[in-house]
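Per the working numbering: the sequence shown = residues 10 to 97.
Do not take every clue at face value.
List of simulated lysine-lysine pairs, DSS-like, C-alpha gap at most 30 Å [said to hold, decoys possible]:
#1 K97 / K25
#2 K83 / K97
#3 K83 / K60
Computed beta-carbon distance windows for the label pairs [said to hold, decoys possible]:
#4 K35 / P96: 44 to 54 Å
#5 I36 / V67: 40 to 50 Å
#6 Q64 / N92: 33 to 43 Å
#7 S24 / K97: 36 to 46 Å
#8 D34 / N13: 29 to 39 Å
#9 I94 / N13: 41 to 51 Å
#10 V91 / D14: 37 to 47 Å
#11 S61 / F90: 35 to 45 Å
#12 D62 / E39: 16 to 26 Å
#13 D14 / A50: 14 to 24 Å
#14 S42 / E86: 15 to 25 Å
#15 K93 / E39: 21 to 31 Å
#16 K93 / D17: 34 to 44 Å
Don't read these hints as lab results, they were simulated from the structure. Ideal Cβ placement from N, Cα and C applies to all residues, glycine included.
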Amino acid sequence: MLSNDIIDQLVSISSKLDSRILSEDKITEEKISNLKNIIIALSDRHSELSKSDVQMLVNQLQVALIDLEEVTNKRIEVLDFVNKIAPK
Numbered sequence: 010m011l012s013n014d015i016i017d018q019l020v021s022i023s024s025k026l027d028s029r030i031l032s033e034d035k036i037t038e039e040k041i042s043n044l045k046n047i048i049i050a051l052s053d054r055h056s057e058l059s060k061s062d063v064q065m066l067v068n069q070l071q072v073a074l075i076d077l078e079e080v081t082n083k084r085i086e087v088l089d090f091v092n093k094i095a096p097k
């Protein structure tokens with residue numbers, strides 16, 4: 010079982026993600042949706058899940074965060090490239 014503090018933090022992250030995506034960015038939207046689904050599963054059902062099920066969801070959460078980080082880093086690389094080639 011996860012602590013209430015961790016659940017509160019996950020729910021806060023989930024709600025903040027809604028305001029962070031652009032509608033035309035489908036890949037990021039999918040990654041965030043996956044992350045939010047995992048957070049919802051953890052926050053809503055963690056008390057009724059077995060320890061191994063909670064651990065599986067926590068592992069999925071880690072993978073989802075890594076996936077989102079990769080997408081974000083690629084976006085930053087594109088923005089850096091555009092910034093370098095833009096006329097000054």
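Does the Cβ-Cβ separation between D62 and E39 fall within 16 to 26 Å? Once the Cβ atoms are compared, 24 Å apart, the range 16 to 26 Å for E39 and D62 holds.
Range agreement (Cβ of N13 with Cβ of I94, hint 41 to 51 Å): Between I94 and N13, where Cβ atoms are some 49 Å apart, the hint holds.
Quick check on a hinted range of 34 to 44 Å for K93 and D17, using CB atoms only. About 41 Å separates the Cβ atoms of K93 and D17, which means 34 to 44 Å holds.
In this structure, is the beta-carbon distance linking S61 and F90 contained in 35 to 45 Å? Distance hint for S61, F90 holds at roughly 44 Å.
Holds or violated: 36 to 46 Å for the Cβ distance of S24 and K97? 39 Å, holds
Regarding the pair K97 and K25, is the alpha-carbon distance no greater than 30 Å? 34 Å, violated
Quick check on a hinted range of 14 to 24 Å for D14 and A50, using CB atoms only. 18 Å, holds
Verify the proposed pairing of K83 with K97, using a straight-line Cα cut of 30 Å. 23 Å, holds
Supplied distance hint 15 to 25 Å, evaluated on CB atoms of S42 and E86: Given range 15 to 25 Å: holds, Cβ gap about 23 Å.
In this structure, is the beta-carbon distance linking K93 and E39 contained in 21 to 31 Å? 29 Å, holds
Taking 40 to 50 Å as the stated bounds, is the beta-carbon spacing between I36 and V67 within them? 24 Å, violated
Falls inside 29 to 39 Å, the C-beta gap from D34 to N13? Hint holds: Cβ distance 33 Å, inside 29 to 39 Å.
Consistency note: the structure conflicts with the earlier hints numbered 1, 3, 4 and 5.
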